[in-house]
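Asks: Here are the chains, one letter per residue:
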Amino acid sequence: MGAVSYPDKKVVDFVAKNMIPVQVRFDEQPIASDFNLRWTPTIITLDMEGKEHHRTVGFLPPEELIPSLLLGIGKAHFDNNEFKEAIESFDKILSGFPGSHSSPEAVYLRGVSIYKETHDTRGLKEACETLQSKYPGSEWAKRASPYNLL
Amino acid sequence: MGIEWKNSLKDAIPDAKAQKKPILLDFFNPG
Numbered sequence: 001m002g003a004v005s006y007p008d009k010k011v012v013d014f015v016a017k018n019m020i021p022v023q024v025r026f027d028e029q030p031i032a033s034d035f036n037l038r039w040t041p042t043i044i045t046l047d048m049e050g051k052e053h054h055r056t057v058g059f060l061p062p063e064e065l066i067p068s069l070l071l072g073i074g075k076a077h078f079d080n081n082e083f084k085e086a087i088e089s090f091d092k093i094l095s096g097f098p099g100s101h102s103s104p105e106a107v108y109l110r111g112v113s114i115y116k117e118t119h120d121t122r123g124l125k126e127a128c129e130t131l132q133s134k135y136p137g138s139e140w141a142k143r144a145s146p147y148n149l150l
Numbered sequence: 001m002g003i004e005w006k007n008s009l010k011d012a013i014p015d016a017k018a019q020k021k022p023i024l025l026d027f028f029n030p031g
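In order, the protein sequence lines correspond to chains U and A.
Using the numbering used here, read the first sequence as starting at 1 and increasing by one per residue.
Using the numbering used here, read the second sequence as starting at 1 and increasing by one per residue.
Keep in mind that the hints are not guaranteed to be accurate.
Said to hold, decoys possible - Ranges between beta-carbon positions, derived for each pair:
1. 99/U <-> 15/A: 29 to 37 Å
2. 20/A <-> 143/U: 24 to 32 Å
3. 17/A <-> 84/U: 18 to 26 Å
4. 29/A <-> 51/U: 18 to 26 Å
5. 31/A <-> 133/U: 40 to 48 Å
6. 8/A <-> 99/U: 33 to 41 Å
7. 146/U <-> 30/A: 42 to 50 Å
8. 30/A <-> 63/U: 20 to 28 Å
Hints are computed from structural coordinates only; laboratory data are not their basis.
Where is the CB? At the ideal position from N, CA and C, for every residue including glycine.
Let the sequences and hints guide you as you build the complete structure.
Replies: Below you can see the structure in the form of structure tokens.
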């Protein structure tokens, strides 16, 4: 990460604009134990209170790191019932990084966020249809499959 | 210029609250 993804200008600009970055050694205590660290690189998205909402383990190239961070930001909003903001983050993944590995989960959580915000089941059905057409092999297509019956 | 990392979560939380931004926490192995 330190040699490839973190020096990338798009990553630098994204982090500067959207996040507060903290970097600690894998063996620093008590934080490593607090977050149950087992391997590096581990990248965790926390909300502004310091609560975890998303983590990835292993190298991510820049074109996967940015959407993964957007997914974390979206999940932090989602978990805090900030569904409009969550949808904005998921939309950025789907417009800017549609081929990324974060996209299927973003489609799923976008649909759930729309449902939570509007109580309209069309958000769930549309998520299911999008996943089956664009990401048919993803686990999120399977998870959304019951919404096809709505 | 690269990412301007903080080295403590305690330092980051007040900035996160003030700027209303989430925190990126990276654990690394210096090798």
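Asks: Please name the hints from earlier in the document that this structure breaks, with their numbers sorted from lowest to highest.
Replies: Result: no hint breaks.
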